[in-house]
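> Residues per chain are reported as follows:
Number of protein chains: 4
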Amino acid sequence: MEYRRMGRSGLQLSVLSFGSWVSFHQQIHDNTADELMGVAYDNGINFFDNAEGYARGESERMMGRVLKGKNWERSCYVLSSKVFFGSRENNRPNQHGLSRKHIVEACHEALGRLQTDYLDIYFCHRPDPSVPIEEVVWTMHHLIAQGKVLYWGTSMWSAAEIMEAHRVAQQYNLIGPVVEQPQYNMFERYKMEMDYLPVFRNVGLGTTIWSPLAAGFLTGKYLNGLPEGSRLSMDEYGWLRDRWLQEEKIGKLRKLKTLADNMGVALPSLAIAWTISNPNTTTAILGATRKEQLIQNLEALSVLPKLTDDWKQQIENILTNKPEMNLA
Amino acid sequence: MEYRRMGRSGLQLSVLSFGSWVSFHQQIHDNTADELMGVAYDNGINFFDNAEGYARGESERMMGRVLKGKNWERSCYVLSSKVFFGSRENNRPNQHGLSRKHIVEACHEALGRLQTDYLDIYFCHRPDPSVPIEEVVWTMHHLIAQGKVLYWGTSMWSAAEIMEAHRVAQQYNLIGPVVEQPQYNMFERYKMEMDYLPVFRNVGLGTTIWSPLAAGFLTGKYLNGLPEGSRLSMDEYGWLRDRWLQEEKIGKLRKLKTLADNMGVALPSLAIAWTISNPNTTTAILGATRKEQLIQNLEALSVLPKLTDDWKQQIENILTNKPEMNLA
Amino acid sequence: MEYRRMGRSGLQLSVLSFGSWVSFHQQIHDNTADELMGVAYDNGINFFDNAEGYARGESERMMGRVLKGKNWERSCYVLSSKVFFGSRENNRPNQHGLSRKHIVEACHEALGRLQTDYLDIYFCHRPDPSVPIEEVVWTMHHLIAQGKVLYWGTSMWSAAEIMEAHRVAQQYNLIGPVVEQPQYNMFERYKMEMDYLPVFRNVGLGTTIWSPLAAGFLTGKYLNGLPEGSRLSMDEYGWLRDRWLQEEKIGKLRKLKTLADNMGVALPSLAIAWTISNPNTTTAILGATRKEQLIQNLEALSVLPKLTDDWKQQIENILTNKPEMNLA
Amino acid sequence: MEYRRMGRSGLQLSVLSFGSWVSFHQQIHDNTADELMGVAYDNGINFFDNAEGYARGESERMMGRVLKGKNWERSCYVLSSKVFFGSRENNRPNQHGLSRKHIVEACHEALGRLQTDYLDIYFCHRPDPSVPIEEVVWTMHHLIAQGKVLYWGTSMWSAAEIMEAHRVAQQYNLIGPVVEQPQYNMFERYKMEMDYLPVFRNVGLGTTIWSPLAAGFLTGKYLNGLPEGSRLSMDEYGWLRDRWLQEEKIGKLRKLKTLADNMGVALPSLAIAWTISNPNTTTAILGATRKEQLIQNLEALSVLPKLTDDWKQQIENILTNKPEMNLA
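Protein chains in written order, with the numbering used here: chain A, 2 to 329; chain B, 2 to 329; chain C, 2 to 329; chain D, 2 to 329.
Honestly, I wouldn't trust all of these hints.
Any copy, or any two copies together, can satisfy a pair, since identical chains are not distinguished.
[As the list claims (entries may be wrong)] Straight-line alpha carbon distances no greater than 25 angstroms define the calculated DSS-like cross-link-like pairs of lysine-lysine that follow:
#, residue 1, residue 2
1, Lys69, Lys258
2, Lys102, Lys258
3, Lys102, Lys69
4, Lys307, Lys222
5, Lys258, Lys292
6, Lys102, Lys256
7, Lys253, Lys192
8, Lys313, Lys69
9, Lys102, Lys149
10, Lys71, Lys102
Derived by calculation from the structure, the hints in this document are not laboratory data. Since this is a predicted model, take the numbers as computed values, not measurements.
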């Protein structure tokens with residue numbers, strides 16, 4: 002396993018990591034979770050990602066139970082949570098969003114569910130324009146000062162929103178965000194390859210990538226229609242279906258499959274390897290529901306060194322979606 | 002129930018809230034308090050206001066006992082206290098005012114009486130010119146840093162005093178006050194409609210209004226003399242009596258009663274609705290002693306949408322006390 | 002002549018000073034202006050007040066011509082101007098208000114009209130809510146840095162607006178305002194005796210009082226109707242007439258006249274002496290149109306020591322308008 | 002003419018303004034420039050935009066000559082320049098970009114060419130990653146402190162780059178950028194309608210729009226092929242041609258023409274009115290080469306009030322290019 006520093010912070014994350022997002026509680030149960038996390042850990046993964054909003058806190062509870070059952074030293078792994086969506090079926094005012102009241106209360110609740118004394122990383126899961134950024138930065142700073150959080154970051158924020166947090170951190174001499182959790186894959190490139198460039202350059206930013214496989218699309222499993230039980234066949238993910246199952250993307254996907262065959266590697270491994278081949282990627286989060294799937298995805302590590310400039314250019318020729326700036 | 006952000010903070014308060022001021026302990030007992038807070042909560046009220054100075058701490062003790070008996074999640078409601086007047090019959094030096102010693106000790110005592118781990122809002126109940134403002138701001142800041150308080154504010158401070166707290170917060174990079182608890186009603190308008198305007202505009206300020214009914218005067222119950230047992234008939238409120246029972250105000254009150262009749266609403270509901278129709282009002286604190294009274298006051302919510310610009314102008318024509326600035 | 006430090010600044014102003022407001026250009030001409038300024042200077046007055054808005058720049062031009070004719074050393078007197086109202090009959094956008102563009106251009110124009118290299122004091126003549134206070138404070142700071150202005154202040158700002166300027170000056174390490182030019186006299190007391198108290202106490206504030214005679218009302222000349230040619234008989238001052246010629250004020254005025262007679266002093270001298278007896282007053286600006294009038298007003302200096310606590314209490318008993326704070 | 006505050010600054014710009022970009026020197030001569038600027042000024046335009054890079058300084062020289070011939074007060078108009086591209090055919094090192102040396106020297110040269118003492122607005126014409134942003138912000142700040150520039154801004158910077166300038170301004174207590182000059186029109190919407198949103202909200206940003214007519218495309222003149230002598234027929238603008246002359250855009254353009262006919266307005270006026278109907282637009286820069294053309298474009302002012310929500314929705318239905326954020 003390769004480990005990378007998370008942006009300009011001192012924290013090191015395995016370049017592949019494990020997330021429980023929609024799978025924990027909804028698709029798998031404690032035994033499978035225990036097995037998957039064991040495989041991940043044994044393969045060198047040290048970052049386990051979670052959020053209050055995943056299955057209304059049940060994802061954190063399940064991960065907490067699994068971790069309690071392992072004899073891993075707390076210093077061996079990095080644990081995250083995220084605040085924004087709340088953990089109740091019907092959140093009342095102040096039970097979601099980024100007010101100081103909710104961030105503090107959500108942190109305490111997450112610590113309880115995960116059965117730990119501190120979160121290594123605490124993410125603001127979305128921007129919240131109804132709360133002054135000063136309040137957010139102060140609150141995260143105080144949680145770090147109190148030892149309940151070690152690093153804080155953002156998820157799905159724009160570069161300008163991240164820089165605004167840094168401006169305010171600068172103003173009050175506070176600790177700013179050091180990591181962002183964006184979506185990034187062959188078909189979703191704007192933020193990582195354009196928007197965040199000044200952030201990488203000016204203040205530094207680690208990235209914990211979600212959806213390196215574009216919600217499963219890049220596994221190739223949709224090349225011949227929707228498999229029964231796949232995530233895209235579930236009703237609540239209709240919006241994902243609409244986005245990806247377009248002819249143009251299917252066409253590119255076929256070419257990528259051929260290229261992967263020519264390279265002698267599996268398409269999903271190639272897609273993940275492509276994501277972590279971006280030097281601004283700290284880690285790509287894997288979200289398997291079966292052991293075999295996880296092991297296959299870990300193959301990306303061995304694909305990475307094969308991904309030469311030449312192959313990357315061929316991929317670029319297929320994708321033709323590289324974000325470009327027009328300053329003419 | 003409508004919820005409003007408290008100034009520029011991220012905290013949301015119900016536009017009507019519940020205060021225990023003179024009623025708890027002095028006029029009502031645990032059973033009634035329990036009933037009243039239940040009615041308030043069930044109607045969507047999420048802010049419960051208190052102070053060390055209310056009935057020398059007994060008001061907080063009673064609210065603490067009631068809350069302990071409820072199964073409400075702590076994140077569902079917002080709890081306040083205030084520091085300044087002390088909680089003893091004969092306060093010795095350092096047992097009142099805004100010294101660091103008293104603020105810290107009063108906070109711990111209030112947490113004990115309210116049986117909670119933190120106050121959502123902590124108010125400086127009055128300005129204290131004998132304490133440097135630096136000491137006050139630093140102390141409040143540290144209580145927030147320690148997690149014992151989430152937001153701090155002032156009560157009965159002038160706009161210039163609030164701005165001085167912001168200047169000092171700016172100088173030392175501290176968290177400044179975000180809310181003020183002023184008196185505001187149809188007959189007491191200067192602070193809300195004139196003095197605080199630059200504060201609202203420049204740094205933001207939530208307001209938790211006390212006395213929206215002008216100590217009961219706007220209920221209309223004094224239109225025919227002082228009822229036995231009413232607050233204004235009690236000896237210690239002689240100063241209130243002097244202020245309100247003037248012929249001019251009685252004359253305006255009669256016209257307001259007629260206008261309320263024409264609108265088809267109760268006068269107290271109209272008076273409360275008028276208070277929260279000011280967009281700079283975050284919440285108006287109700288202080289009922291009987292369930293029926295509280296339910297009637299909650300009617301203000303349904304009066305609010307009826308309070309059109311036209312009706313407001315007619316009220317203005319009766320009051321003729323709108324504060325105006327002369328910059329000629 | 003007594004000299005007082007202007008607030009916490011090091012600048013010393015004579016406790017009586019000379020302003021050209023409406024008189025220069027509109028009511029008097031160069032010869033009279035020359036005579037009046039000579040009398041003022043010979044009696045120890047060292048502060049001459051002006052503004053771009055007085056007679057559209059003509060008041061400054063006249064004062065500039067008079068000063069050029071005197072052989073006074075520049076260091077012997079203090080010269081002010083004010084920016085806000087513009088100096089043209091029809092100001093275009095950016096030719097009035099407090100934008101950086103107008104402040105800078107107005108300063109250069111005032112220096113030209115007054116024929117001087119720097120203004121000792123430059124006032125913002127009114128608050129301008131359409132311009133961020135940061136822009137105003139930065140611009141005044143830069144004019145001081147460039148040597149074109151020595152001190153800056155405000156006129157007709159509220160205490161909270163002044164404190165906001167201090168907060169911003171604190172934030173950016175800039176020079177804040179040190180003086181305010183408010184109206185202050187026996188019938189207009191709120192700002193000096195209530196609103197500014199926290200400003201005097203916390204950051205210091207000099208005050209250059211205008212209208213110590215309440216636009217002439219306190220001379221007593223209106224006790225028997227409006228004299229031909231007096232300022233209140235001119236049409237454009239109808240708003241002043243309305244304000245002052247009320248029966249209640251006339252009643253108090255009669256009693257003040259009797260009291261002045263009993264003290265053996267002239268009523269206008271008493272009124273001016275009363276204004277400068279407030280220790281928070283730096284100077285009261287006199288605005289005479291005739292030499293005799295100016296000499297009479299200067300009598301206030303000899304009345305001042307006669308104004309004992311006992312006489313002041315008797316005046317208070319007549320006025321019964323002392324602003325009070327209700328913190329009960 | 003309508004005037005708008007430039008972001009949160011106090012400066013007011015006419016909502017339509019006049020730019021010399023490619024036209025001055027290259028397409029028109031002094032007499033025409035004089036006539037055009039006269040028409041603009043007489044119609045209330047108060048902002049004249051320029052840059053060192055426009056015709057290698059000749060555009061500024063021409064504007065300087067025209068302004069010298071007019072008897073307009075300097076405070077009546079707002080003059081800009083931009084630094085980055087240099088003004089020489091072959092710029093040597095330090096004769097372009099954003100180093101302190103080039104910014105300072107370029108400013109002095111622009112003042113000379115424009116024959117003025119100060120620029121009202123000075124833009125960084127492009128971002129320059131080879132210069133530390135600290136050096137840029139310090140240099141602009143010092144030009145303001147010296148009185149050579151009143152406001153500074155950017156052109157073609159990303160939101161994150163602008164926020165980085167604000168972070169550095171915050172760090173060193175400097176004056177940050179207050180205005181950006183982006184391209185914005187019906188076919189180029191991302192920056193104004195998505196990227197800058199957090200900047201508008203958090204620190205404020207005025208915008209001086211260039212290319213409201215999409216390099217002439219939105220005049221409709223290319224609906225029937227390239228007219229001889231039009232800008233798109235010139236060889237050096239091949240890149241513009243490629244971008245606009247696509248079938249899809251032509252299709253939308255035809256529908257917009259029909260809609261304009263239905264509204265009873267000219268297409269170019271409609272396109273300009275649409276641009277200034279965005280409340281985040283401060284001004285749209287017009288770049289006419291003939292008097293009739295300028296007068297026609299000024300018609301946008303009378304089209305603006307006709308652009309109701311209903312018409313705007315119909316335009317949206319034709320364009321179907323509104324930038325949207327996916328936070329799902």
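> If a hint holds in the structure, say so; if it doesn't, say that too.
Cross-check of the supplied hints:
1. Lys69 / Lys258: neither (41 angstroms within a copy, 62 angstroms between copies)
2. Lys102 / Lys258: Close neither inside one copy (49 angstroms) nor across copies (41 angstroms); limit 25 angstroms.
3. Lys102 / Lys69: between (28 angstroms within a copy, 20 angstroms between copies)
4. Lys307 / Lys222: within (23 angstroms within a copy, 52 angstroms between copies)
5. Lys258 / Lys292: So Lys258 and Lys292 pass the 25 angstroms test inside one copy only (23 angstroms; across, 60 angstroms).
6. Lys102 / Lys256: neither (50 angstroms within a copy, 44 angstroms between copies)
7. Lys253 / Lys192: within (21 angstroms within a copy, 28 angstroms between copies)
8. Lys313 / Lys69: This pair counts as neither: shortest intra-copy Cα distance 42 angstroms, inter-copy 56 angstroms.
9. Lys102 / Lys149: both (15 angstroms within a copy, 12 angstroms between copies)
10. Lys71 / Lys102: between (33 angstroms within a copy, 20 angstroms between copies)
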